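If you read the protein sequences in the order shown, they are chains A and B. Heads up: the first sequence is residues 1 to 506, going by our numbering. Heads up: the second sequence is residues 1 to 506, going by our numbering.
Calculated directly from the structure, the hints in this document are not laboratory data. Every value quoted in this text rests on a predicted model; they were computed, and no experiment measured them. Honestly, I wouldn't trust all of these hints.
Stated by the list, open to error - Here are the simulated lysine to aspartate or glutamate pairs, EDC-like style, with alpha carbons at most 16 Å apart:
id: 1; chain 1: B; residue 1: K174; chain 2: B; residue 2: E155
id: 2; chain 1: B; residue 1: K41; chain 2: A; residue 2: D228
id: 3; chain 1: B; residue 1: K19; chain 2: A; residue 2: D228
id: 4; chain 1: B; residue 1: K14; chain 2: A; residue 2: E48
id: 5; chain 1: A; residue 1: K19; chain 2: B; residue 2: E44
id: 6; chain 1: A; residue 1: K19; chain 2: B; residue 2: D490
id: 7; chain 1: A; residue 1: K41; chain 2: B; residue 2: E230
id: 8; chain 1: A; residue 1: K40; chain 2: B; residue 2: D228
id: 9; chain 1: B; residue 1: K40; chain 2: A; residue 2: E52
id: 10; chain 1: B; residue 1: K19; chain 2: A; residue 2: E48
id: 11; chain 1: A; residue 1: K19; chain 2: B; residue 2: E48
id: 12; chain 1: A; residue 1: K41; chain 2: B; residue 2: E48
id: 13; chain 1: A; residue 1: K40; chain 2: B; residue 2: E230
id: 14; chain 1: A; residue 1: K19; chain 2: A; residue 2: E56
id: 15; chain 1: A; residue 1: K19; chain 2: B; residue 2: E230
id: 16; chain 1: B; residue 1: K41; chain 2: A; residue 2: E230
Claimed, not checked - Only part of the chain A face toward chain B is listed, based on derived beta-carbon distances under 10 Å:
id: 17; residue: R18
id: 18; residue: E25
id: 19; residue: T45
id: 20; residue: E56
id: 21; residue: R59
id: 22; residue: D228
id: 23; residue: D284
id: 24; residue: V286
id: 25; residue: E318
id: 26; residue: Y320
id: 27; residue: G322
id: 28; residue: E323
id: 29; residue: P457
What the hints assert, rightly or not - Covered stretches of chain A, as calculated for chain B (at least 3 residues, CB under 8 Å):
id: 30; region: 36 to 42
id: 31; region: 115 to 121
Each residue gets a CB set at the ideal place from its N, CA and C atoms; glycine is no exception.
So the chains spell out like this:
There are 2 protein chains.
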Amino acid sequence: MSVGVVNAKLESFKAYVRKMKQYEEAISLIYWDMRTGAPKKGIETRSEVVGELSTEVFRMSTSDEMGAYVDFFTQTAELEQLDPISRKMVLECKKEYDRSKKIPAEKYQAYVVLTSQAESAWEDAKHKSDWAGFQPYLEKIVATTQEFIELWGYEGHKYNTLLDMYEPGMTVEKLDEVFGALREKAVPLLGRIQASPNQPNRAFLDQQFDIGKQKQFSLSILKQMQYDFEAGRLDETVHPFATALNPGDVRITTRYLPNDITSALFGTIHEGGHALYEQNISTDLVGTNLCSGTSMGIHESQSRFWENVIGRSKQFWERYYGELQTTFAGQIDDVSVDDFYRAINHIEPSLIRIEADELTYNLHIMIRYELEKGLFSGTIAVADLPAAWNAKYEEYLGVTPPNDGEGVLQDVHWSGGAFGYFPSYALGNMYAAQFTNTLRKELPNFDSLIAEGNLAPIKEWLTEKVYQHGKLLTPNEIIQNVTGEALNPDYLVAYLEEKYTKVYGI
Amino acid sequence: MSVGVVNAKLESFKAYVRKMKQYEEAISLIYWDMRTGAPKKGIETRSEVVGELSTEVFRMSTSDEMGAYVDFFTQTAELEQLDPISRKMVLECKKEYDRSKKIPAEKYQAYVVLTSQAESAWEDAKHKSDWAGFQPYLEKIVATTQEFIELWGYEGHKYNTLLDMYEPGMTVEKLDEVFGALREKAVPLLGRIQASPNQPNRAFLDQQFDIGKQKQFSLSILKQMQYDFEAGRLDETVHPFATALNPGDVRITTRYLPNDITSALFGTIHEGGHALYEQNISTDLVGTNLCSGTSMGIHESQSRFWENVIGRSKQFWERYYGELQTTFAGQIDDVSVDDFYRAINHIEPSLIRIEADELTYNLHIMIRYELEKGLFSGTIAVADLPAAWNAKYEEYLGVTPPNDGEGVLQDVHWSGGAFGYFPSYALGNMYAAQFTNTLRKELPNFDSLIAEGNLAPIKEWLTEKVYQHGKLLTPNEIIQNVTGEALNPDYLVAYLEEKYTKVYGI
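Please put together the full structure from these sequences, using the hints given.
Spelled out as C-alpha cells, the structure:
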C-alpha cells in the first residue's frame, strides 16, 4: 500500500480517536458539574445526556470502523512503520476493542444495570449495616465478573485480568511478593509505634478553623506546588476528586471541615498531585487516547508523593508553618513546628481506610487484596466476606469493626464491580517511595528545596520523568526507566522506617 | 400504513429529536462553563469539543434520516393524525431542515469562518474606533446574507426572512406600524421629560456598595420572584446571561460593580425573568425541540416585565426598600423610597444601547431597525452606516457619538450576522406592556400583590398563559390568546406616559 494511502488512513484514525476524546471531555465536564453544584432538578435529564454521549463513545470504540483500523494497523508491517505515538494509540485501541468485543452486548448491558442497582443497594446497606441486603447483589456481580474473566481470558491467576485493567502488567505473583515484603515490615513497625511512650500531642487540632482561611491557605499551597491556576480551578465538593478535561483544564475539588484543618489541607495537596500529573502531559498527546496518567498506581504515586513525601515532611512545615500560624493567628501560636509535624504524622490502627495514616493505609489495602484474590480463586465465597474481613482486620491491624457498615461495607468499589482497583493505592505509596529515592540522588538538595519552598525543580523532574509521557509508557517502563529497576517495596519500607522511628523516637 | 408502524416511526423520530436536544444541552453546559470560570488554557481544546458536538447536531438536523421523517410526517394525512406536540415538533424540524438544506454546505462553512473572523475584527475595531477595519467584513457578511435570503426565499420585504428567524411571523410591515406608533409618542414624551424641572436626584447612587451585600440582596430578590434555586444557580460573569440546559437547570449570571448598585440589581432581575420562563415550561415538552421560549421577543418580554414592570415599580420598592436600606445600613438611610424610585427611573438620552433606560431603549432599537432594513432593501450601503447612524441618533435622541466605537461599532450583533435580532428587544417591551394590561384585569390586586411581596400569583399567571407552552404556540398565538388582540404598541405608550408623567411631574 502506498505511503500516501497509509498516511491518509492514519490521519483518519487519529481524527476518529480525537472525536472520542472530545466526547469524553464533554462527559467529564458534565460529571464535574454534577459534583460541584448542578441544580438537583436538572440531574435526571443531565444523566440522560451522559448516557447518550457515553453510548456514542462505546459505540465508536467497538464499531466496525474501529475494528478495521485496528486490523489494518496491527499488521506487523504497518505497525512497525508507525511513529511511537501512533503505534501506542493503535495498541491501546486494540486492547479496548478486543476486551469490549468479547462481552456480548446484552450481557454487558445487564451488568451495567446490575452495578447501578447494586450501588443504591450498597448505600442503603452501609447506612443500615445490613450485609444481607447487599450480599445478593455482590454475589451476582462476582459471578458476572467470573464469566467476563473467562471471556476475556487470563494468564496465571484469574485476578490478573482484573488487575491489568487498573495497573497494566500487574499480577498476583508480583503483588504477593511486594505486599508480603511490605507487610512483614509494616506490622512490626506498627507494633513498635504503638508501644512507644512518645505519642504525638494532637489536642490542638481539635478546634474550629475558619473556612475562609482554610481556603486561602489551600490556594496558597497549590500555587507553591506549581499547580497552574490558568489550567485549572479549585472548587468544593463532598467527596474530593481531580478531573482532567484536557491538560489545559485539570480541576480539583476539596472539602473544608470547620473542626478538622487536616482534611482540606492534605486533601487539597493530594488532589493537586493528581492534577500536576495531568497538567504536565506533553502537548503532543493532546487529542489522543494517551493523554492521561498511565495507570491508577502511578497516578496515586503522584497524589501521595505530594501529600505525604512533600506535604507531611518536616522540611515542608519548616517553610510553611509560620504562614499557617499567621493565617490562624491566636490558634496555634504556642504549638511548635515539631509538635505540629508529629501531630500530622500520627499513626494509629483504625477501621476506616480513607481516614488511615501513611503506614496503616497499606494494611487496609492488603486486606482488600487478599479478599478479592480469594473471591476470584474461589477460596472465599461472598457470604464469607464479613467474617474474613473482620479476621483480617484483627490480624493486620488489631481492630475489629463493631458492625459491617464500618467493616466490609465501608467502600463503594465492589458495588461498582471495581475489583482489582484497591491495590493501586498501596502501589502508589510504593512507587512514590521508589521515585523519591531516585529523585534524592538526582536532586541532592531535595530537602533544602522543600525547606526553601522551591518546589519547581521537583515538579520539573517529575514532569520530565513521569508526567509528560502520559500513557505513552507503561507503568513498568516508567518505574524501570526512572529508577533503573522494577517495582521494589524496600523503598517504601525504608522510608516508613526512617521517618517513623524518628517521629516516635523509637 | 398501519397505526403500529406509524407509532413506531413517531417514537423513533422523537428519540432522534431527543438525542439532538441532549447534544445541545451538553453544548450549552460547555458554553456556560466557558463564560463562568473555565481555565483559559483549556479553552482551545474545549472549543474543538463544541465544534465537534455542534457539527453532529447540524448533521442530524439536515441528515437524510431527518429528511425522511419530515417527508413522511408532513404528508397531509399523517400530519393530521399527530397530537399537537408531535405535529409542532415535525413542523419545527421541517422549517430548520428546509432552511439548512437550501444553503450549500461549503457556502455555509465559509460564512461560519467569515463571522468568526469578523467578530475578532469587530472587537479590535470597536476598541480603536476604527470603522475602516470592520467595514470590509461587514460588507462580506451583508452580501452573503443577501445571497442566503435569495436561496431561502422571502415574502414581501427581504428583511422579513431575517426577522422570522428571531420572531416567527414578524414582518417589516408590522414593525413599521408598531415602531412608527411608538416613536410618534416616545420622542415628544422624551422632550417633555427633558424639559421638566423635576429631575431625579441620583447623587446617592454614586458610592461604593459592598459586593457581598449586593450578592445577598440579589439572591433574596430572586427567591422573592420565585426563581427556583433547586432548578438553577446564580454565578458571576462579565456579560450577564441566562442559559436553559433543561427546565430543571436554568442558570443565570450577573455582574457586581462596586460603584453601581443598579447594574447587578436590575441585571439579576432581568436574567431572572428569562429564567422563570424556561424553568416553567411544561414537563411534557422536555426532550423535544419545543422546550424553549417561543421567540426572542416573547423571551425579552419576560426579562423586561420582571426588570421594569415589577422591578422598577413603586410598589416593589415600597415592599423591598427597607430591606435594601438595612442591607446597606448607613448608606441610604436618608434617601426616601420615593427619591430612590425616581432615581432608578431616570430618563436620559444616551449613546449606548445597553445602558439606556426604559423609554429611550426603544429608540436605540428603532435606529438599528431602520438601518438594517435599509441594508437589505438596498437604500443604505455598508459604507454609509456611520453617517446614517449618527444622523439617526441626532434625529431620535438628540445626541451624536464622538467616535464610531461609541456609535455604529458598539454592538457585537452585526459581526455575527445577527440581522433581524435587534427588534426583539423593543418587541419585548411592547409585549410586556400588553401582557401587563391583561394581567391587571385578571389579577385586579396586581399592585397590592407587588406591594406585599406576594409575587407567586403573578408568576403562576404567566406560567399558565405564556411559560408552560414553550414553542408549542407561536408568538402571535400567545399574544392573541392571552390579550385577545395582536401586538399593539398602544399599551407600551400608555404605560410609559402614565409612569413617566408621574415620575417627572409633567
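Cross-check of the supplied hints:
no.: 1; hint: B:K174 - B:E155; result: holds, 13 Å
no.: 2; hint: B:K41 - A:D228; result: holds, 10 Å
no.: 3; hint: B:K19 - A:D228; result: violated, 36 Å
no.: 4; hint: B:K14 - A:E48; result: holds, 15 Å
no.: 5; hint: A:K19 - B:E44; result: holds, 15 Å
no.: 6; hint: A:K19 - B:D490; result: violated, 54 Å
no.: 7; hint: A:K41 - B:E230; result: holds, 6 Å
no.: 8; hint: A:K40 - B:D228; result: holds, 11 Å
no.: 9; hint: B:K40 - A:E52; result: violated, 28 Å
no.: 10; hint: B:K19 - A:E48; result: holds, 9 Å
no.: 11; hint: A:K19 - B:E48; result: holds, 9 Å
no.: 12; hint: A:K41 - B:E48; result: violated, 29 Å
no.: 13; hint: A:K40 - B:E230; result: holds, 6 Å
no.: 14; hint: A:K19 - A:E56; result: holds, 10 Å
no.: 15; hint: A:K19 - B:E230; result: violated, 33 Å
no.: 16; hint: B:K41 - A:E230; result: holds, 6 Å
no.: 17; hint: R18; result: holds, 8 Å
no.: 18; hint: E25; result: holds, 5 Å
no.: 19; hint: T45; result: holds, 4 Å
no.: 20; hint: E56; result: holds, 9 Å
no.: 21; hint: R59; result: violated, 12 Å
no.: 22; hint: D228; result: holds, 7 Å
no.: 23; hint: D284; result: violated, 14 Å
no.: 24; hint: V286; result: holds, 6 Å
no.: 25; hint: E318; result: violated, 32 Å
no.: 26; hint: Y320; result: violated, 25 Å
no.: 27; hint: G322; result: violated, 29 Å
no.: 28; hint: E323; result: violated, 25 Å
no.: 29; hint: P457; result: violated, 22 Å
no.: 30; hint: 36 to 42; result: holds (count 6)
no.: 31; hint: 115 to 121; result: violated (count 0)
The structure is inconsistent with the numbered hints 3, 6, 9, 12, 15, 21, 23, 25, 26, 27, 28, 29, 31, although it conforms to all the rest.
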